[in-house]
Amino acid sequence: MTEILIDKKKYVLISKKSYEELQKKAALKIKPENLFSVEEARAHSKKIIRKWAAAK
Numbered sequence: 001m002t003e004i005l006i007d008k009k010k011y012v013l014i015s016k017k018s019y020e021e022l023q024k025k026a027a028l029k030i031k032p033e034n035l036f037s038v039e040e041a042r043a044h045s046k047k048i049i050r051k052w053a054a055a056k
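Residue 25 in the numbering used here is what sits at position 25 of the sequence shown, and the numbering runs on without skipping anything.
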């Protein structure tokens, strides 16, 4: 790990392998969003469209 100072800001250089490991760890901590089934997605879309149309 190497530290670099550019315009009074510190930057850290790490190897590509370490960077990829950090990315994997971060990805595991993110909770995936719930996916709708086709029927649920259609119902949700219709609900949003009706809400939008009522506002106009």
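Worth flagging that the hints you see were computed from the coordinates, not collected in a lab.
Do not rely on the hints blindly, as some may be mistaken.
Said to hold, decoys possible - The calculated label-pair distances, taken between Cβ atoms and stated as ranges, are:
{"#": "1", "residue 1": "Tyr-11", "residue 2": "Ala-41", "range": "36 to 46 Å"}
{"#": "2", "residue 1": "Lys-17", "residue 2": "Ser-37", "range": "33 to 43 Å"}
{"#": "3", "residue 1": "Ile-4", "residue 2": "Ile-30", "range": "21 to 31 Å"}
Unchecked claim - Within a straight-line C-alpha distance of at most 25 Å, the following computed DMTMM-like cross-link-like pairs (lysine to aspartate or glutamate) qualify:
{"#": "4", "residue 1": "Lys-51", "residue 2": "Glu-40"}
{"#": "5", "residue 1": "Lys-51", "residue 2": "Glu-39"}
{"#": "6", "residue 1": "Lys-8", "residue 2": "Glu-21"}
{"#": "7", "residue 1": "Lys-51", "residue 2": "Glu-33"}
Given the structure is predicted, the values throughout are model-derived calculations rather than measurements.
Note that beta-carbon positions come from the ideal geometry of N, C-alpha and C, so glycine has one too.
Any hints this thing doesn't respect? Which numbers, in order? 6
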